[in-house]
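J.: Top to bottom, those sequences are chains A and B.
Under our numbering, think of the first position of the first sequence as 924, with each following residue one higher.
Under our numbering, think of the first position of the second sequence as -15, with each following residue one higher.
Hints are computed from structural coordinates only; laboratory data are not their basis.
A virtual CB, placed ideally from N, CA and C, is assigned to each residue, including glycine.
There's no promise every hint is true.
Listed next, the stretches of chain B that the computed footprint assigns to chain A, with coverage defined by at least 3 CB atoms under 8 Å from CB atoms of chain A [to be verified]:
(1) 32 to 38
(2) 101 to 112
(3) 131 to 139
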Amino acid sequence: MTSKDEQVRAVIAEQAGEWFVTNDEGPLATEDSAALVAWLKASPAHLGEFLGVSVVARDLREACVDPDSSIDTLIARARAEDETLVRSLWPRVSAAVFPSRRWLTAAVTLASLAVLSLGLSQLWSVRPASQVSMPASVPALHFATRHGQQLVQRLADSSVLHLNTDSSVTVRYSDTERLITLTSGQAVFEVAHEPQRAFRVLAGSAQVVAVGTRFDVRLTPEATLVTVVEGRVAVGLSATSAAIIQVGADQQLRVAAAEWPARPVAVDAERTTSWLRREIVFDHEPLEQVAAEFNRYAPKPIAITTPALRSLEISGVFATDDPDAFIAFLRSLKGVRVEVTEKEIRVSRE
Amino acid sequence: MERLFAEHGGALQAFLGRRVRSRADTQDLLQEVYLRMLRISDPEAIRDPVLYVYTVANNLAKEHAVLDRRRASGMDIDEVAAHEQLETLPAFDSDLDAARRVARLRVVLKQLRPKCQAAVALRFTHGLSYREIAARLEVSPQMAKKYVAQALAHCRRRMARLG
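Please model the entire structure based on the sequences and the hints provided.
T.: Right, here's the structure in full:
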């Protein structure tokens, strides 16, 4: 398990602990019950941590019996403990590759200040791609993933590149510019703060300029989707410098040359980037869309053979690298038949 | 696996009942419990979500749903209380048997700050309420709850990483 996974798990375990205690204290109020159900349904990880915490609570009854020290000794030590001297209870695993959230937030704050003092034009310069200066001597690095593969790559400036399935990028760093070209697929960029060198991503008809932030870019045949997780980026068309749109955290902008300028819409960016945790999240989404999303990762495509099933609504969190679990889920649905053939997974009405 | 189960069903069942199942099986079991959760369309239908989750987990574990999903059938959650269900809940994410788990938990417990150690001992071994724990530790009831929640989360993650 990576340190980032462990950090996410630790946060979920904290929430699970709080839920356990709330329930342990006495019967839950109706709205608390509903909130707990919603929390448990949000992810199998939530359910897992809750059950795990429950088992720990049960085992603690026996584990807390200590023949070497009485409960009074323990209470005396607890009372004597100085609140101000307590080090963090959570010995966070050192995040070597992944900058912590706090680090990113700090970087973003600094970046915003830098922008204010230097002026927007200099840093957030969205220029036609043809005018972006990149000396021919700057070597280009290529990264690519195959179907179902993912890749995490730390770049020379400590920015981190996450590549999703079937994706490819080219990275070129000069003294004045960090230029990334996404030629296919989807990527998340955790941008290291460098006020002197803008971080520019070209993807389809879109270009995204950032200083220190985290965002997702996905190329589809119709448009480029830019989703900001933290901080703020400037988005324009790669061909012109007209109409620059600012996109903030939890906002998504759909970029298509024919429909420019566009307006950002509110999204849950954690959900858009759930692929980083090898998860896909669906909330009442039609099976057709769910299948298309799954097919980005699965070795065998899902084919819906009964047209009426296309609009069947699906909710859940699934592992991108575990198609069997998703097939098992489809099988559990009433009136749905799943047939696994050599070439595809056929879903039909029973 | 299914053929094996049909041939040696009885013996295998006894074996699985005694031994804690493998990590892969607990993950399957967890996924199955989760799927049950997802199928609840009306949250109001569940008066006691914790009892519901424990009951589903226990029923699925008992019926070896991992080996034969079709057998996991109906249940009646009104019959028993949550604390009774908790007694038989399998240890998720851990291959250890109960005795080794408790021994390991003792070690993990020692790494907690004294306030957290005292709070969980008072709650789970001595059965004090959160209000009573707060009085004994000379803190607010809010803090007493926080110490227990933190201790649970910390122990859980340590056990999961060690398991």
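J.: Check each numbered hint from earlier against the structure, then list the numbers of those it violates in ascending order.
T.: none
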